[in-house]
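*Asks:* Sequence:
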Amino acid sequence: MQSARSADHVTGDRPNTPSGAFGTSADSPSRPVVPGSAVVVVDDRLGDVIPAAAVPALRRAAAVYVAPGLSAATVEALDEPPAPAVEALLDQAAREPIVLVAPDLKSTQAQALREAGAALLGSHPPVGVELLDAVTVMDRLRSPGGCPWDAQQDHDSLRRYLVEETYELLDAIDQRDRPSLREELGDVLLQVLFHARIAAEDAADPFGVDEVAADLVGKLVSRHPHVFTEVESVHDAESQQLRWDELKQREKQRESIVDGVATGQPAAALAAKLVQRAERAGVPRELVSVGESPGAVLFDLVARARLAGDDPEDDLRTAALAFAGRVRDAEAAARNDGQDPHALGSEQWSRYWSTAVGE
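Numbering (the working numbering), first residue to last: 1 to 359.
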């Protein structure tokens with residue numbers, strides 16, 4: 001199996017120990033273990049995988065034991081007896097090499113062997129291993145005996161939470177708030193795990209988080225042939241975007257250049273996306289107009305901004321936030337003048353607005 005959950009988790013005060021063999025204890029008692037004795041730390045989350053560094057020790061060991069805390073599946077796969085009491089374990093380790101397979105160093109047997117000089121063997125967990133815990137927690141919440149609220153949700157009931165969490169993530173990005181960014185990314189990830197878990201329960205067409213991840217990997221690889229295959233390299237972001245769109249069109253076999261545009265997105269973003277598709281397909285700029293109604297005028301404004309290389313949704317959001325800031329500044333100016341912002345008339349609003357914007 002792969003190793004424990006982090007280098008610090010396995011090695012205590014030895015965070016810089018290289019992957020593989022973590023070394024021996026510096027503080028050995030008067031009854032040291034014989035060379036070859038080791039504690040092998042495995043991570044149940046990664047399945048039945050033994051660290052490569054532990055294989056020689058396991059082959060040479062006179063006896064192999066399992067420590068408390070390993071999953072039933074791991075114990076069954078190892079097919080080794082449980083570790084004896086500490087004294088008996090140390091007596092045997094002083095005479096012949098033994099190996100203790102453990103999930104961590106919390107058991108008294110693992111601690112005693114380490115203090116007696118047994119090597120600590122394991123491998124560092126791969127990036128993303130904590131996602132396995134997230135999947136397990138989500139499964140527990142949706143399973144019998146879990147959370148009643150979570151168990152009642154479906155794709156439709158979660159729609160508003162996905163939208164809310166997405167906008168909260170955008171707020172964290174706008175505010176350059178890294179702690180909030182980390183938290184909100186987790187909240188968006190929860191929505192992905194939640195929807196995937198619900199999809200896995202569908203009787204007619206089930207799929208789970210593994211299928212979602214596999215589809216994503218396949219998509220990323222197929223749309224980046226310049227990275228994953230021996231083809232002509234793409235040297236700039238614009239060329240890559242064009243190639244991405246070409247490959248996407250080919251994959252989806254769409255009849256129209258505007259097929260696949262999510263119509264549920266905010267109106268400014270929707271208009272900008274449609275204009276972007278038209279522009280890349282070669283539609284002349286003078287044709288990017290839809291009439292003279294108020295909505296058409298707004299569409300034309302969005303189109304001009306997008307064709308100029310701007311992001312209308314971000315531009316409008318920035319302008320809206322600037323307006324909100326001016327409102328707050330005017331309210332603050334009124335309060336400083338002893339006025340109640342909720343009771344201002346139009347003339348007072350104009351006066352404090354001018355003060356707020358520095359006119």
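If you're looking for bench data, these hints aren't it; they were derived computationally from the structure.
Errors might be hidden in some of the hints.
[As the list claims (entries may be wrong)] Label pairs and their in silico Cβ distance ranges:
1. 284 with 349: 24 to 32 Å
2. 96 with 224: 27 to 35 Å
3. 139 with 56: 32 to 40 Å
4. 228 with 293: 26 to 34 Å
5. 34 with 68: 36 to 44 Å
6. 310 with 176: 15 to 23 Å
7. 73 with 228: 53 to 61 Å
8. 158 with 263: 17 to 25 Å
[What the hints assert, rightly or not] Straight-line alpha carbon distances no greater than 25 Å define the calculated SDA-like cross-link-like pairs of lysine to any residue that follow:
9. 219 with 135
10. 273 with 161
11. 273 with 298
12. 273 with 291
13. 273 with 254
14. 106 with 63
Glycine included, C-beta positions come from ideal geometry on N, C-alpha and C.
*Asks:* The structure should be examined with respect to each hint, and the outcome stated for every one.
*Replies:* How the hints compare with the structure:
A beta carbon spacing of about 45 Å between residue 284 and residue 349 contradicts the range 24 to 32 Å that was offered as a hint. Distance hint check: the CB atoms of residue 96 and residue 224 are about 54 Å apart, inconsistent with the given range 27 to 35 Å. Residue 139 and residue 56 have their C-beta atoms about 36 Å apart, which keeps the hinted 32 to 40 Å range intact. Separated by about 47 Å at the C-beta atoms, residue 228 and residue 293 break the suggested range of 26 to 34 Å.
The beta-carbon spacing between residue 34 and residue 68, approximately 24 Å, falls outside the hinted interval of 36 to 44 Å. About 21 Å separates the C-beta atoms of residue 310 and residue 176, a value consistent with the hinted range of 15 to 23 Å. Distance hint check: the CB atoms of residue 73 and residue 228 are about 34 Å apart, inconsistent with the given range 53 to 61 Å. The given range of 17 to 25 Å is respected by residue 158 and residue 263, whose C-beta atoms sit roughly 19 Å from each other.
Between residue 219 and residue 135 the CA atoms are separated by roughly 22 Å; this keeps the pair inside 25 Å, and the hint holds. Distance hint between residue 273 and residue 161 is fulfilled; the C-alpha atoms sit about 24 Å from each other, no more than 25 Å. Pair hint residue 273 plus residue 298 holds up; C-alpha atoms about 14 Å apart against a cutoff of 25 Å. Distance check on the hinted pair: residue 273 and residue 291 sit about 18 Å apart at the alpha-carbon level, within 25 Å; holds.
The straight-line distance between the Cα atoms of residue 273 and residue 254 is roughly 16 Å, inside the 25 Å bound, and the hint therefore holds. Restraint check: the Cα-Cα separation between residue 106 and residue 63 comes to about 21 Å, which is no more than 25 Å; the hinted pair holds.
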